[in-house]
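*Asks:* Sequence:
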Amino acid sequence: MPWDDTQLSIGELVLKDNVASAKNVKIMSTGASHLQSRFINKDQYLYLSDITDFWNVWKSSDEDKPWFKSDNEPGYPFGWCFGYPGYDIAKDGIVIGAKSKDGLNNLLLVDIDNPQTVIKDLGQLVRSKGYSFGTYTNVLCHGDCVYALGIDDPANPLTLLRISLTDDSVYIYNDDSTGKDLMPYISYAESVEFPTTDKNMNAYGFLYRPKNPDYTPDGKEKPPLLLRVHGGPTGMASRSLSMKTQYFTSRGFAVFDVDYRGSSGYGRAFRQALYGKWGVYDIEDAISAAQHLVNEGIVDGNRLAIDGGSAGGYTTMAMMVFKKYFHAGVSYYGVSDLLELAKHTHKFESQYMTKMIGKLPEDEEIYKERSPLCHANQLQCPIGFFQGSDDFVCPPPQSQELYNAALENGVATFYVEYKGEAHGFRKAVNIQRCVSNEIYFYSKIFGFKLADETKNPPPIKNLPDGN
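In case it helps, our numbering puts the sequence shown at residues 1 to 467.
No lab work stands behind these hints, which were simulated from the structure alone. Accuracy of the hints is not assured; some may be wrong.
[Claimed, not checked] Cβ pair distances, simulated, as ranges:
1. Tyr-185 / Gly-424: 42 to 52 Å
2. Asn-456 / Gly-130: 35 to 45 Å
3. Thr-117 / Gly-219: 44 to 54 Å
4. Phe-348 / Leu-160: 18 to 28 Å
5. Thr-117 / Pro-217: 29 to 39 Å
6. Gln-7 / Asn-377: 42 to 52 Å
7. Asp-5 / Met-243: 14 to 24 Å
8. Pro-217 / Lys-455: 24 to 34 Å
9. Gly-410 / Glu-364: 39 to 49 Å
10. Met-243 / Glu-401: 29 to 39 Å
[To be verified] EDC-like mimics (lysine to aspartate or glutamate), calculated; alpha carbons at most 16 Å apart, straight line:
11. Lys-419 / Glu-408
12. Lys-427 / Glu-417
13. Lys-129 / Asp-168
14. Lys-277 / Glu-365
Note that the Cβ used here is the ideal one computed from N, Cα and C, for glycine as well.
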């Protein structure tokens with residue numbers, strides 16, 4: 001995959017008879033993930049490389065060390081999509097968005113000849129205008145201005161901004177910040193580091209505590225936990241405004257977005273820790289995260305819920321089948337049969353699982369061993385399923401078959417399939433229904449009364465009498 005190993009080449013582009021071709025091509029770098037090359041002039045260029053663990057900016061004329069070294073990464077996870085530049089070349093220097101382990105970010109203008117010299121702290125300039133973005137991505141320089149997308153601000157959605165390098169003005173193109181009347185209800189992320197089963201490597205995440213100024217807790221009851229598992233599995237949690245997160249925290253839940261071993265944003269070694277261990281470390285770290293919050297007295301250890309989409313849906317399903325730690329779970333278009341996923345996944349990820357689990361057919365037994373569907377008779381924990389009818393990445397049978405197993409096992413369960421939805425729901429009405437239906441499910445499992453009426457809730461099968 002692009003975040004594993006890429007080849008950086010340089011050559012001359014020749015156009016003949018409207019056909020482009022390259023000549024004198026030289027391979028400059030291999031053995032790491034090299035991305036986002038930018039020419040400074042006709043002889044020198046910059047590029048990102050994670051050969052020293054974190055994606056740092058390197059210079060072609062000085063390949064024995066990073067041109068701009070930092071124990072963090074610029075921008076957003078690379079390789080999933082084209083674009084997402086974490087740096088660009090400006091008139092007076094290089095603009096870099098450098099992400100740190102606490103999930104925060106700075107946008108810096110550094111000197112092109114002496115990159116350790118910060119000419120201007122653009123992130124501080126943006127913060128002085130009342131914004132606190134955790135990450136800057138899609139960094140582009142044009143004329144005397146820097147354009148970027150600001151994300152990871154719990155009170156603001158994805159925001160396009162323009163910063164003038166001459167007069168320090170900041171212009172927000174889509175100022176859709178949360179209304180002042182909602183600000184008292186917003187729960188802000190707290191960065192958390194917690195131990196894993198590997199004493200040499202911790203994992204991370206973002207904690208959102210319950211917050212609602214209209215209600216006061218009695219001080220005796222700990223809140224239930226919703227632990228959210230990101231997709232990928234080589235994705236990462238985000239501090240961006242999530243109305244789902246705020247929906248749960250405003251109704252008394254604590255929410256934790258876990259970055260298990262294998263997540264992006266913490267360096268190459270952390271990301272590669274999941275090689276051969278998908279279905280092991282993600283599950284272990286989800287349990288370790290929840291146990292850490294229980295031990296710290298933050299959440300109620302008897303009311304633990306977990307959810308996730310795609311790869312996060314797989315972790316949720318596997319958790320409910322192989323472990324008895326969480327008390328309820330909800331899968332969004334998840335994976336129950338890893339062999340089926342390997343056979344029918346799309347081209348881009350066709351070899352992804354070779355690294356995450358093993359080679360086929362040699363390691364077929366490992367795929368079966370970690371597939372929830374192959375052990376469906378062990379499913380004893382309440383679980384719900386949301387699925388799109390047009391999902392070709394994780395098609396409906398991936399959820400339907402485990403749902404049927406839950407029915408046969410007498411486990412409390414529901415299944416909702418949205419017509420016309422694919423891998424990741426797009427229609428606002430369906431997204432809203434998912435959130436309200438999910439908390440409705442938890443209310444029945446945990447035995448609490450909802451403040452809001454749930455319209456047309458899904459029929460929950462095998463629900464114990466009285467719930």
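*Asks:* A separate judgement is required for each hint: does it hold in the structure or not?
*Replies:* Results for each hint:
Taking 42 to 52 Å as the suggested C-beta distance range, the pair Tyr-185 and Gly-424 does not conform, at roughly 26 Å. For Asn-456 and Gly-130, the hinted distance range of 35 to 45 Å is satisfied, since their beta carbons lie about 40 Å from each other. Between Thr-117 and Gly-219, the C-beta spacing of about 52 Å keeps the proposed range 44 to 54 Å intact. Checked against the given bound of 18 to 28 Å, the beta carbons of Phe-348 and Leu-160, roughly 27 Å apart, stay inside it.
Evaluation of the 29 to 39 Å hint for Thr-117 and Pro-217 yields a failure: the beta carbon distance comes to about 50 Å. Separation of Gln-7 from Asn-377 is about 47 Å and conforms to the stated range, judged on CB atoms against 42 to 52 Å. Taken as a hint, the range 14 to 24 Å is violated for the pair Asp-5 and Met-243, whose Cβ atoms sit roughly 38 Å apart. Evaluation of the 24 to 34 Å hint for Pro-217 and Lys-455 yields a pass: the beta carbon distance comes to about 27 Å.
Take Gly-410 and Glu-364: their Cβ atoms lie about 31 Å apart, and the range 39 to 49 Å is violated. At roughly 31 Å, the beta-carbon separation of Met-243 and Glu-401 lies within the given 29 to 39 Å, and the hint holds. Distance hint between Lys-419 and Glu-408 is unfulfilled; the C-alpha atoms sit about 25 Å from each other, more than 16 Å. The suggested pairing of Lys-427 with Glu-417 holds, with an alpha-carbon distance near 13 Å, which does not exceed 16 Å.
This hinted pair checks out: Lys-129 and Asp-168 have alpha carbons roughly 11 Å apart, not beyond 16 Å. For the proposed pair Lys-277 and Glu-365, the alpha carbon gap of about 14 Å is at most 16 Å, so the pair holds.
In summary, the structure is inconsistent with hints 1, 5, 7, 9, 11 from the numbered list given earlier, while agreeing with the others.
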